[in-house]
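Residue numbers (the UniProt record's numbering), protein chains in the order written: chain A, 1 to 87; chain B, 1 to 537.
Hints listed in this document are in silico derivations from the structure and should not be mistaken for laboratory results.
Where a beta carbon is used, it is the ideal one built from N, C-alpha and C, also for glycine.
There could be a bad hint or two in this list.
[Claimed, not checked] For each label pair, taking beta carbons as the anchor points, the in silico distance ranges come out as: (1) Ala230/B to Thr21/A: 17 to 27 Å; (2) Ala66/A to Thr20/B: 46 to 56 Å; (3) Arg87/A to Tyr480/B: 54 to 64 Å; (4) Arg87/A to Leu52/B: 37 to 47 Å.
[What the hints assert, rightly or not] Here are some, though not all, of the chain B residues that point toward chain A, as calculated from beta-carbon distances under 7 Å: (5) Phe145; (6) Asn147; (7) Thr155; (8) Leu204; (9) His240; (10) Tyr306; (11) Ala307.
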Amino acid sequence: MKVVAPLIAVWAALLALLGMTVGASLVLTGTPSLVASLGIASAKAALIAWVYMQLRREGGLMRIMALGAAFWLLILLGYLALDYLTR
Amino acid sequence: MTELSYLEHGHSLKSWLLTTDHKRIAILYFLSITFFFFVGGAAAALIRIDLLTPEPDLMSNEGYNRAFTLHGVIMVWFFLIPSIPNTFGNFLVPLMIGARDLAFPRLNLLSWYIYMLGGLFTLAVLVLGGVDTGWTFYTPLSSMFANGNVILAATAIFVVGFSSILTGLNFIVTVHRLRCPGMTWGRLPLFVWSIYATSLILVLATPVLSITLVLIAAERLFGVGVFNPALGGDPLLYQHLFWFYSHPAVYIMVLPALGVISELVSTAARKPVFGYRFVAGSSIAIAIIGFLVWGHHMFVAGQSMYASAVFSFLSLAVAVPSGIKVYNWTATLYKGHIALDPPFLFAMSFIGLFVVGGMTGLILAMLAVDVHVHDTYFVIAHFHYIMVGGTVSAYFGALHYWWPKMMGRWLPLVWGRLSAIFIFLGFNLTFFPQFILGYLGMPRRYHVYPAEFQTLHVLSSAGASVLGLAYLLPFTYLLYSLRHGEKAPPNPWGATGLEWTVPSPPPQHNFHELPTVDGPPYQYPVEPDTKREGAHG
């Protein structure tokens with residue numbers, strides 16, 4: 001049960017965050033909606049990485065590798081922004 | 001008692017289809033990608049026959065679109081990307097690092113089954129009439145307007161992408177965890193370095209393609225506005241996402257080839273690779289910089305000129321690590337005792353064609369010149385010089401070099417030399433005229449063209465005939481060698497590397513006792529195990 005409990009708790013948290021995503025899309029518009037959506041999505045990704053992907057149990061090297069993947073995403077988003085913001 | 005080789009451990013179909021031996025899985029891949037190579041080649045043959053005359057006399061416009069799309073899809077995802085990593089990488093990485101198998105043998109077999117599933121989807125696309133979007137699936141054509149089997153083709157690529165990811169993951173873990181005692185990072189064969197760099201790209205880039213294909217399906221099936229401006233989307237976003245995968249994919253195709261050439265050149269010259277650390281580091285540098293250049297595919301697509309300037313600079317920068325490799329191979333050959341064996345001829349062919357492909361890549365990376373030649377045959381010629389002249393030459397070089405190790409049989413050297421020469425000549429006759437065609441203004445993906453272009457098109461088609469026959473040639477004498485070739489000794493070429501210390505073909509678990517490495521790589525010269533006269537067939 002000690003192993004399963006955190007998994008169920010995170011699952012519940014993810015569902016709650018999903019509810020918040022839907023709620024925010026109904027209530028907010030424009031930039032606040034975008035910020036809320038990205039913020040909630042980041043929280044979901046962090047929960048999955050930390051608990052489901054077991055980064056909380058891993059050492060420094062593994063965490064750095066995970067950050068590397070996030071850095072790769074930043075490359076994609078960064079150059080996308082370079083194009084969209086300077087057109 | 002002599003240990004049975006991996007080929008002798010079970011002869012039933014089941015023993016092959018349920019194997020977890022990396023060497024057998026490599027053979028399964030070899031057979032599968034050879035099949036797809038000839039399917040993709042058949043599509044190319046149709047294209048070149050149709051282009052013999054300025055009129056559309058073999059295929060309709062729609063049929064032509066479907067032929068070049070199928071050619072691209074099959075050659076990119078079902079031949080070039082898995083070619084060297086999944087066959088030679090699978091076979092050689094554990095042997096080269098002194099391991100008994102890859103880190104996840106069952107995952108390795110699963111990745112072959114996934115590849116085959118993707119292949120079946122692609123064949124279904126072919127049987128059901130094809131797809132007409134081009135291998136790039138540009139939106140909004142693919143997501144809204146194309147009337148071919150877009151979803152099925154996207155599914156095929158989505159599925160085969162998981163094969164790539166699993167293979168890349170397996171190689172990364174294997175290189176990190178299963179190196180034998182003494183096999184430090186600074187002693188890894190350069191082929192392993194290149195496979196490692198390739199695996200990083202496979203794992204990091206392929207998921208982006210998968211997601212992008214799902215988005216196309218979402219827009220096409222459910223009208224979710226992502227790429228279609230009419231639905232609030234942006235078609236350039238598709239190009240960004242697609243090329244974020246597909247430009248690094250070019251390096252997935254060519255990096256393993258660069259690793260092969262490092263092995264072939266040092267063996268041929270009987271000298272250590274000049275500047276080992278720089279050659280190894282340049283593989284990683286190419287993998288990293290290769291992720292930063294994708295915008296050069298969008299110079300005339302409406303991308304911001306500031307972004308284009310940055311992408312142009314970075315595209316020029318990727319030439320530096322590529323140049324390091326070419327100069328270091330040349331320095332390796334300097335004062336070497338060169339043997340003109342088939343693998344070396346393929347390596348020389350590779351270097352020449354890769355340089356032409358690379359230099360024309362620099363021309364394309366320059367903003368102003370790209371406007372003139374964008375989407376013309378100049379681009380077609382450029383990337384075929386890299387992918388076919390480069391990667392396929394290296395693939396055949398690897399096939400000739402490691403064939404005695406994989407199959408335990410010598411190949412006929414005279415035929416091998418002839419085949420390397422014919423492939424080089426056929427390739428240049430096919431694709432060099434396309435540089436001129438492109439510069440003169442012949443756009444890609446058209447099968448009707450002005451009459452003044454016909455001579456160059458006929459030359460190109462004639463070259464394709466030579467090339468097609470030259471590609472068939474090795475398969476005939478390699479098959480012949482399986483039955484009639486002399487038995488190969490463990491180290492027929494006189495090469496360094498742990499794979500040459502085990503019998504040919506290797507035993508099921510590679511090493512009776514795990515080896516220990518106590519020196520740097522490429523400690524030449526090494527005497528071959530056999531007199532070379534015995535190799536003639």
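Broken hints, numbered, in rising order? 2, 5, 6 and 7
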